[in-house]
Structures are given as structure tokens and as C-alpha cells.
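Chains as they are written, first to last, in this note's numbering: chain A, 1 to 650; chain B, 651 to 1060.
Hints were generated in silico from the structure; no laboratory data involved. Fair warning: this is a prediction, and the values are worked out from it, not measured in the lab. Mixed in with the good hints there might be a few duds.
If you want a taste of the chain A side facing chain B, the calculated C-beta under 8 Å gives, among others [unchecked claim]:
(1) Val283
(2) Val285
(3) Val302
(4) Tyr443
(5) Pro446
(6) Met583
We treat Cβ as the ideally placed atom computed from N, Cα and C, and that holds for glycine.
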Amino acid sequence: MLRVLFFALLMSLASVSAHAQQDNIQDILQEQSELILESSRRTIGPAIDAIAGSGLPQTQSVLETWQARDMWMRESDGLFFRAEEGDDGYVLYDFDTGEAVGVAEKSELDQMRPNSGIRALIATALVSFQLSDPNEDNRRAALTSIERNPNEDALAPLRASIADEPSPEIKARKERVERLLTMAYDADEAARIEAIEGMSGDTGQDVRATLNPMLTSRVRVFEGSVPENLNVKSELTPGSDELPRAEAYGLLVSAGTAPPLLSSDGLRDILAANIVDGRVGGVAVAKLNDEAARREAYAALVEEGLAEPAVTEEEIDTWLDGATFAEIYNEPSSAVTDAAEKALRGITTKVGFNQALDLTLDALSLASIYFLAAIGLAITFGVMGVINMAHGEFIMMGAYTGYVVQQVIPNHTASILVAIPLAFAVTFAAGVAMERLVIRWLYNRPLETLLATFGISIALQQIAKNVFGTQARPLTSPGWLDGSLVINDIVSISYIRIAIFVLALIFLCVFLFIMKRTRLGLETRAVTQNPRMASSMGINPGRVNMLTFGLGSGIAGIAGVAIGLFAKVTSELGSEYIVQSFMTVVVGGVGNIWGALAGATMIGFLQKGIEWLNPSNTLAAQTYMIIFIIIFIQFRPRGIVALKGRAAGD
Amino acid sequence: MNRSFIARNPSVLIFIVILALFTLGVTVLSEAFGTGFLSTSFVKTLGKTLCLCLVAVAMDLVWGYCGILSLGHFAFFGLGGYMIGMWLMYERTRDIVVGSLAEAPIPPTEQEIVDGIGTQIFGVVGSNEFPVIWAFSDSLLIQLLLVVLVPGLLALVFGWLAFRSRVAGVYLSILTQAMTLALALYLFQNDSGLRGNNGLSGLQNLPGLGGVPQSVVSMWFLWGSAAALGLGYFLSAWVVSGKFGSVVRGIRDNEARVRFLGYSVETYKLVVFTLTACIAGIAGALYYPQAGIINPAEIAPIASIYLAVWVAIGGRGRLYGAVIGAAFVSLVSSWFTGGRAPDIPLGFYTIKWVDWWLVLLGLSFVLVTLFAPRGIGGLVDLWTDRRHPDRHGADLGPDKGSLREREADE
């Protein structure tokens, strides 16, 4: 109905008014005065329609004033005005002339206070005016409003506003919204199908949000065959997977055609209502703790005429045989639903492809996080064979270093740049101290190294808790890392994750460079392969072990800064990653950086894959992943990249 | 060589006598049967400590004697607790449901009672149906069997997979830790069928014995725990004293050599691993009714590592060492964390033990590993004047801390 009125409005603006219409908005307000004063969301509709459909240039300002709660009614004559608080009372402005017509005390006036529901209705009516508003922001806001709340009425004004749109960006947006509205609401079926076909292959969320409601359907029951005029999705047989027997009968019951089933609860209540002298239908109450006895008692009641006979299985079958069940589209036109379904199928394929891409990106970023967490471990555990349970706490120390630096240097970019080398220095020192004081005494006893480093781990964790408290500390990333790289509605990745991916790559290169191109790397490899031979060549194994351990710990510290940027910094930060880190190293293969890389990639992809299969439950994903790893170790006990020959040690 | 078992292992007799005296002493001082000097909650703490000692004995068997550092034995402990908890919770809820339905005009059917129990137990995780794993929860006998069977079976399957592919040393430790983590994460889910992170609660109330005060129940459990510890200790001592024990220790000291001597190392390891898992399950089944509640946090990997800490501090490779370690560390730990230890004012900072106890534990653990690998149990050596064999500087193998001269004697 409103659409017709809008056409009227447009025509009146374009040429001479063909309709007899009121040229005074105050008259319309007076006509609707009762509804406006009632101010109820349920009844206000016609009043808003009448004002919006008046075709007068003042309409917009009236609606806006009303929406802003600036519309007041003078109690003496019931006229509506826009009022502004002045020096001596409220200044009243006439809607039609826009001029001040007088001053009134607050007690003489009654303010219109539309509630949020009514304001939303006003906003919807306003949208059509705002689409051609000279202010760009208002036009954008109007479009957003239509996008959020698409409706039939917006289509005509939207179409009318496209031609005169000056901004190309807004124009493109308007055209897109117009297509979407055409798909859903155009009166002409051919136009809708054309719009649907034109949009097929578009992966935008809005297209799917428009198409999906067009395909909603519900199961209905008919006596005899399905009427011709309905758009049938499929006919259903009761007892099939789509329509279980009980559900089908339930439909019949709710349609009022069949009598309801007697539930166990209902049975019990009827029996309870018919207890006579401790017996029901001749059966002692004490014996009624059994379903068969209850049925028997009920049958006796039916015979006495005290209860309705229950529906038997045969009767249910008869009822079901006599009815037809079909899934009916809510959309009446079958041509439209066919086109929508076809378009949606195409879109789904494309969306699936994009989701796979998005999942790959997610998995890649998870893999790089695991790689970062594990790379230090790959050095200490993989190269030196020292199992360091405190590795997670070194990650935590790095993150806390970042936090402390941010307290001193407020600039986030500068503080991160300072924090990274500082975290390396702190954890390098901690690692060296730990190696000198504890680990070097335990080189022949790997299990005891594990326990001793675990002791250090709980001590460090508790110290962090005592110093920084148990609440999470923020480590804020610089502004240029905020937000994410959006490729389309489905594929996006946050800049922090990209940064972590890059950092992981840098670490890989640095590690390779140190191991293959520097003196330290050469000595480390020599000590790893044969410490006695290495020391007879003039290498000091103690010094090499110390530096290698320090390097591994230092990298853990930098990883801590990176992880702290997206995770909360708590004293338990490290222990969350420690098991996964060990898994990464073990799965990948000990003693080889490529192994850690392969392990991280596999675990990252695996975890995301399992999460995708069971999206509601990340805990289950971790469980299944660990089980998979345990089984994987069966087949490749030395990991993906296994060292061969002498390098393998034994 | 033909001396009796007790004569060859005097420590077993001494241990059992001390345990009996301890139990008698607690009984005499308890609220229920004696002077009331010990509060019921402290009796429960002692009973729980006995269970922890039992699981520590199991840990010592698998780590101190067989050299497998399992970081998963608390998972078996927790599973045992869950198994008994299912029965306790089912039967107790049944009592409540039957009580509330008794007022209805029509007596409830079996199905209605079961539905009522299901709603009561699983309402908290938004369900009202019994998962398959609760199929036997109405039978005490079957659940008691499951206390042993479930941990045993898990250990058997896991151990078979791990030992078969020659996973050993730290790899095995990490793998057992992963197993524990996987189990804990699984149980944390609401649809695991064990009430997710709510766990099972109200286990301290024995079904059908509502009239018996907790002070008496706690004594029953203390006796039960003491008996289980005594039997477990005896069994473990018997297992490690014979030829089987020699082979097991041989595996710990040099696995390859034992394998080349023709022993099936995997079978021995598997037997020890599974047996200790069963013992851990029993210990858990006695522990959690005293604790009253079990939830997945109990099986987190950290708990199993603490188990290793107890055994290491007590002294591994000797069963009484494990008992001493578990009792000492857990009692001292509850003393420190209970806020009863006096604070130490340093002028600029006051050391509150609630905050600093873990630091002290961690550091003392490092010191024990470094300087006293024989743990507290090593003090006994000073007294009995036993010394480690002098190997003339040769490599002592992975476990320096274990006592080894007995092989030389026999």
C-alpha cells in the first residue's frame, strides 16, 4: 500500500499532482492525532503511513522531529509543533511554514515520546526520504538500514533514487541493494528470476541472506492430495527419515484431524484421578508400578466408561494412510524457488571453495604459532636432547617482558621493537643460567632433566603469579596490526596472524643461517653428533651447549612476545602451549628444523580440519588430534622427518 | 636363596607394622571410635593421603623399578574414581528420586525412576538421558570391576601401542602426558557423558547409609585405604623381589641388554604398566569418595607430574620411599597452602606461604634431583649403613638414584 503512495509522491514531485491531496501536514497530524497520542507500537502504523504518504515536502522534517522527541502538542487546541527550549519557555515552530508561532510554558505542552519500537518504524519510513538526502552520510545510513531490515516498501524509492545518485560508490551499493530487493520482493516474477540469475555466483553474505528465506518451507498435512496452487518442495512418506512416524502423527494431531496420543504422563494422571478405595479399575494401586499393569487398569476404566479409549497402533496407521504429507515452500512461485535453489547451489559450491581457502589460512596461521612455540624446543630438545619443561615458562617470560616494556614505553610500535630484543636477552640469560646451574649436571639423565626443569617451571609460574597477579595482562599490538585483510565475505585473515606467519618464516631463516653458516652452528652440529670427538677438535662442548640452550630459550622469549599479542598474558600462557610444542617436535622428528616445521604444519592443519568437521567443539578437536598423534607415532616413531644413519644417534 | 619372602624383604614387615600402628592410632584418636582428638576432616585428609601413597607405590613400581616415567598415572587414578563415582551418584540420586516419587498417587514404574535419575544427574549438562557408559551404573559389583578393568584396559591398549613401536624414555613420558591431556579434555566436554566440567559430586554420601554419620564413614574409608595400601605394598614388594623383579630392574638399567638376553622386554613393561594402572584405579576409587567430588581438572597432566615429584622426593627405586614422599609432600603441601604456616616478614616484603609454597616446592625439587637423587628414603641408607656399589666411574645408566646392590648380593 505504501508503495502506491510513494509512486503518488514521486509523480506529484515530478509533475502536477493528479491526486486530490491535503497540502497542510497539520491536518494530517490532526486526523491521526488519536493514534499518535496513543503511541503504541501495534497501532501506530497507519499514522506513520499517512504522514509518510502525504506527499508533502515537510514530511521528512516532521518524521525526524517526531523521532527525535522534539514534537510537542499544545494542550489547549491539540495542534502539533516542533518545540525548542528557549529563555522563557518553549518556542513553538509550525511544521508547514517552519516559522516560530509562539512561546509556551512546559505545563501547557505535551511531549510526544515515541518508544524505541515506534522510532524504528519511523526510521523505516524515513529511509525513503533519506535515500535522496543531500548528505552522503545520511544516504549511507539509509542504505544500511535497508540492508539490515529489507522490506518491500523500500524497493520503489530506492529504484527512484538510483538515477540521480552522484556518488559512484553509493550508487553501486544502491544498485546491489536494489537487485537484492528485486529478488525478494518485486511483483513481477520474471524480474525476480532475472535478478536471481544475475546474482548467482556471488558469494556475498547478503545474497545468501536474501536467497535462504525464499527457500524456507514447512511440512504440512493434507487430506487427500496436495492442492494444485501450492509450491511443493517434496512429498513425504510417514516413517521415512525426513518424517518419522511419531512426528507425522503429531502433525495430524496439531492439525486437529486426529485425536492425541495418550502419553505415559497422561495415562498416569487419568489413573491417579480414578483411584477408588486404593484400586484403579480393579487393579491395586501398589501394583501400578509397571506399564503393562497401567494399560490394563486403563482398559478397565475404558470399559467402565470412565476414560476415552486410547488410540491404537492400527488407528494411527489408518490416520496416516488417509493423509498426505508434503513440504511446501512459503514462496508461492515455483519458478522463483527453482531459480533460487539453482543459484544457491552454485553459490554453495563457491562458498565451500572459499571456506576451504579460509580454513587453509587459519590452519597456516595456527601452524605458524605452533612453529614459533616449538622452534626453541626444537633446538633444546631436538638438537641437544635436553627436555625442557620450563620452555613454556620462557614463552611466558617473553610475553611479560613485552608487557613491562609497554608500561615504560607507551608507543606501541616502539615498545614492540624494544620488547623483541629485550625478551630475547631476558630469556637468553634465564636459559643460560638454567643450563649452567641445573641442566649440565643432568646430561646423562634425561628423565631427571625433565623433572628438574618441571620443578623450575612450577617455581617460575608461581613467581609470575606472585609478581603480576592472576589476572590477564594486556599486550597491545601496534595500530597498524589491527584489523584484518578481507579478501571477501568468507576469506579474511587478521594482520597479527600474517605478522606471526612472517615472524615464523624469519625465524626459520635465522635458524637455518645460524646452523649452516656460522661457527656456532658448526660447533653445535659437531657436539650433537659426537661430543667427545668435537671436544678433541678444540670445541668446548660446555660453552656450545650453554649458547645453544640460550639461543633456544631466547627464541622462546620472542615467540612469547608474538603470542602475547593475540593471547592474554597470564602465568599459564606457556603451559597452554607446552604439550602442543612437544607434540610438534615429536611428530615432526627430533633433531631437525624441517621436522618441527612439518610437525607444526601437520598439527595446525589437523586441528583446524577436525574443528571444521565438528565446529561446535574445540575441546573434542584437541582430544581427537592427540589420539591421532599417538596413533601416528605408531607408524612413524621417529617422526615425519626422521634422521638416518649416524646422525640419528643410536 | 631359600629364605622366606618376609625374611628377604624386612621392609615389608616393618612397613605393615607401622601402617597398622598408624591406623590403630588414628582410630583411637578419631571422633567416631575414640577420643575425638582428630577432626573428621583431618581423618579424611589422612585417608586420602593413604590413597595417594598407594598410587605413589604404583608410580614407583613403573618408574623406579621399570624405568618408565609415566606422566599418565593420575589419569588411571581419576578413571578409577569416575567408575566408583558413577555408582555412588546413580544410587544416591535413585534414593532421592524414589523418595520424591513416593508421594505420587500412583507408584512409579522402573522407567519413570530411571528417567527421573537421568534428569537429576544430567540436567546440569542439558540432557536427561543416560549415555551408554552408564549402562552398568546400577550395579556395584560391575562398577567395582570396572574400577580395575577400565584403567587396566586403557593402560593395556596404550602400553601395547607405545611399547610395540619402541617408544621409550622421554618420548614415552611426553606421550603419556598427551594421553592424560586428551582424556582430561575429553571429559571436559559436556557430551562426554560424565557431566563435563561439573564432574561427579556428592560422592561422600554412601547410598542407603544416610543414617551413618560422616565421622564413621570416614573411618571406614581410612581402614579401607590402609588395607589397600598394605596389600598394594605387599603385592608390589612381591612383584619386584623375585626373578620378575630382577628382569624389570634389568630393563630399567639396560633395556637392550635384557632384550638380547632373550627376554620379551615389551611384555614385561606392559605387565608392569597395566598392573600399576589397576593399582592406581583402586587408589582413585578409594580417594574420591573421601574427597566427595571428582572433575576432569583432577586428571590434568600437572597432577601426574606431581605424582612423579612425590616419588622423586621420597626416593624412587624403593617402595617405602614412594610412600614417604607422597605422605610428606602432600601433607606439608596442605599445611602450607592451608594458610597455617606462619608468614615470614622480611621488612620490605612478607612471604606468604600460600603464594610462595609452590616456588619452594619447585626449587626444593630441583635441589633434590641435583644433590639427593635418592630422596628422603636415602636417609634410611645412612641408618642401615648401606652404600651404592662403586662402579669405578663407569656410566651409571639413566637412573643414578636407584638402589642396585641387591642384584650383586643374590
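Status of the hints after comparison with the structure:
no.	hint	result
1	Val283	violated (11 Å)
2	Val285	holds (6 Å)
3	Val302	violated (17 Å)
4	Tyr443	violated (11 Å)
5	Pro446	holds (5 Å)
6	Met583	holds (6 Å)
The structure fails to meet hints 1, 3, 4 from the earlier list, while all remaining hints are met.
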